[in-house]
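Chemist: With the hints as your guide, set chain B onto chain A.
Those sequence lines, one after another, are chains A and B.
Going letter by letter, the first sequence gives residues 42 to 323 in my numbering.
Going letter by letter, the second sequence gives residues 42 to 323 in my numbering.
It cannot be assumed that every hint is accurate.
A pair counts as met if it fits within one copy or between any two copies, since identical chains are not told apart.
Capping the alpha-carbon separation at 35 Å, the derived lysine-lysine pairs in DSBU-like fashion look like this [to be verified]:
hint, residue 1, residue 2
1, 262, 111
2, 297, 46
3, 276, 149
4, 180, 60
5, 149, 297
6, 291, 60
7, 71, 291
8, 67, 222
9, 276, 67
10, 67, 297
11, 311, 210
12, 149, 180
13, 71, 285
14, 88, 285
Derived by calculation from the structure, the hints in this document are not laboratory data.
Number of protein chains: 2
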Amino acid sequence: MEIKKFSDFCEQVLPDFNKFLDDRLKSEIKQTTLRDAMLYSLDAGGKRVRPMLFLAVAYSSGVRFEDLSKYFDIAGAIELVHTYSLIHDDLPEMDNSDYRRGKLSNHKQFGVGPAVLAGDGLLTQAFYWIAKSSLDTDKRMAAVRILSHNAGPMGMVAGQMTDITMEDKLLSEDELTTLHKQKTADLITAAVTTGAFCAGHELSTNLVQYANDIGLAFQLKDDLNDADDGEDADKNTFPNLIGKKATEEKLNNLVKDAFNAVLKEEEFDKNLLVSFLDYFKE
Amino acid sequence: MEIKKFSDFCEQVLPDFNKFLDDRLKSEIKQTTLRDAMLYSLDAGGKRVRPMLFLAVAYSSGVRFEDLSKYFDIAGAIELVHTYSLIHDDLPEMDNSDYRRGKLSNHKQFGVGPAVLAGDGLLTQAFYWIAKSSLDTDKRMAAVRILSHNAGPMGMVAGQMTDITMEDKLLSEDELTTLHKQKTADLITAAVTTGAFCAGHELSTNLVQYANDIGLAFQLKDDLNDADDGEDADKNTFPNLIGKKATEEKLNNLVKDAFNAVLKEEEFDKNLLVSFLDYFKE
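Same shape as in the complex, but just chain A:
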């Protein structure tokens, strides 16, 4: 492996990947309002954590750097699904967010109807991109299966439903863990495990452990940041439920656990996956 740091990996891959996302959607979507609304949120300046994780796992599994572009459509599909989930989450009857990453949220910019459709379009197009990938059919089919399982009503959509219907109810630690696992961790786990599958590996329990840990850690870090900013005071979050200090401890344990899981891994180069954990120490 030539690239050992996750941040270096992103720096080298992101320009091409962002161009790919933009070019592809622009060439495919002819309905102009729909194209504008889909691109508005896709190009809203996200860090592309999930597709970068997918590509990093493929790279750590032995895919050559110069071959990574063959994996862009599946990485892109994961980002399309993530972007759709943000648009629908921001809707008035969901989290009711007027802003996302310093820009007006999709429904504030285009209206609720078009925002629902932009989300529907991104979600459906994700599966089209997977179907059109040049990877072997078995790998593509694994990507369809994992992504639809983890991002659908057995995963992310279930988590979001619990989130909006349990807003006024105090959740137990177990219930909150399930919510976070579904709403946040399942898509991150899908990115990691699909990366391994697409690079030709069987499912590794260590890698699943790593993915679940960082998925949950992701949510905790987010909630700790929001708590520092004085946000989410009335929401079901770990800082509100068990306090900031205990949440920080829980986060550290997850990162340690993820680190130990990667160390046990034999089929993958460990550098990038270990380096990714720095994200939680910032």
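Modeler: Frame of chain A; chain B shown alone:
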């Protein structure tokens, strides 16, 4: 072929197929609000035209009647996608329909947020059902590709976006044809062509012609029925644009055209596909 009439085919297949849909969703979806909201619309008494067409094409292509249940998950996926589209179409900022098939629409029963998520869940689960089907990987992948292409932002979602954003603008006959093709015909075409692919055939231009014709005919018949009931007076429909009589003529021509396309078909038994056209004569 033993069964020659489309209505007989539906009568013999529907009880098992409806049971399959219900059992499958109930066993898969654990989040109770989500499961209830998804099942509410899936079990709302639709005629299952699209999955029945899919199964009829498979049967007409030589799949034995007793083997049809192997095709239920892909037929079901098509119905999940259709059901999601109805839930999202009924939303207040889309068509704003309080009722669907005599029952409260999904968002009136469960709220807008849960209805958006029920739709998202049905759409995503459709691809999971395809991925888990026991058919060959190539057939499943063709189903993913066709369905995501025709139901997504290059098809149905684009049509719906045009519909809600052009509501106050008078469309030309060409624009209206494109809208109907995308919004209604593309999913029906997907059902027909996926049926042929899954039964092991290559794409037939006659079958595509047939599918496009009946897809558009479907919309015209619907609009003519609504016009008879005094509905849709201010909407972009053919009865409003060119009058009822010219619309009826257009409908008849489409049905004739579909009939002629089927007659040219050599690889399929013609009985069921021709019999389906009776629907437009009722």
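Chemist: Next step is simple, just say for each hint if it's right about the structure.
Modeler: Hint check:
In this assembly of identical chains, residue 262 and residue 111 lie within 35 Å of each other by CA distance solely inside one copy; the values are 32 Å within and 46 Å between copies. Taking identical chains as interchangeable, the C-alpha atoms of residue 297 and residue 46 lie at most 35 Å apart only when both belong to the same chain, with a minimum of 18 Å there against 65 Å between chains. Taking the shortest Cα distances, residue 276 and residue 149 sit within 35 Å of each other both inside one copy (23 Å) and across copies (26 Å). In this homomeric assembly, residue 180 and residue 60 come within 35 Å of each other (Cα to Cα) both inside a single copy, at 24 Å, and across copies, at 32 Å.
Proximity of residue 149 to residue 297 under the C-alpha cut-off of 35 Å is found in neither arrangement, the shortest distances being 40 Å within a copy and 47 Å between copies. For a Cα distance limit of 35 Å, the shortest separation of residue 291 from residue 60 qualifies neither inside one copy, at 38 Å, nor across copies, at 45 Å. With identical chains, the CA atoms of residue 71 and residue 291 are at most 35 Å apart between copies only, with a shortest distance of 27 Å across copies and 47 Å within one. In this homomeric assembly, residue 67 and residue 222 come within 35 Å of each other (Cα to Cα) both inside a single copy, at 33 Å, and across copies, at 22 Å.
Taking the shortest alpha-carbon separations for residue 276 and residue 67, only the inter-copy value of 30 Å comes in at or below 35 Å, while the best intra-copy value is 38 Å. Taking identical chains as interchangeable, the C-alpha atoms of residue 67 and residue 297 are never at most 35 Å apart, the minima being 42 Å within one chain and 38 Å between chains. In this assembly of identical chains, residue 311 and residue 210 lie within 35 Å of each other by CA distance neither inside one copy nor across copies; the values are 41 Å within and 58 Å between. Neither within a single protomer nor between protomers do residue 149 and residue 180 lie at most 35 Å apart by alpha-carbon distance, with minima of 38 Å and 41 Å respectively.
For the identical chains of this complex, residue 71 and residue 285 are inter-copy neighbours only, at 31 Å across copies versus 48 Å inside a copy, given an alpha-carbon limit of 35 Å. For the homomeric pair residue 88 and residue 285, the shortest alpha-carbon distance inside one copy (25 Å) is at most 35 Å, but the shortest distance between copies (54 Å) is not.
Checked against the numbered hints given earlier, the structure breaks hints 5, 6, 10, 11 and 12 and satisfies all the rest.
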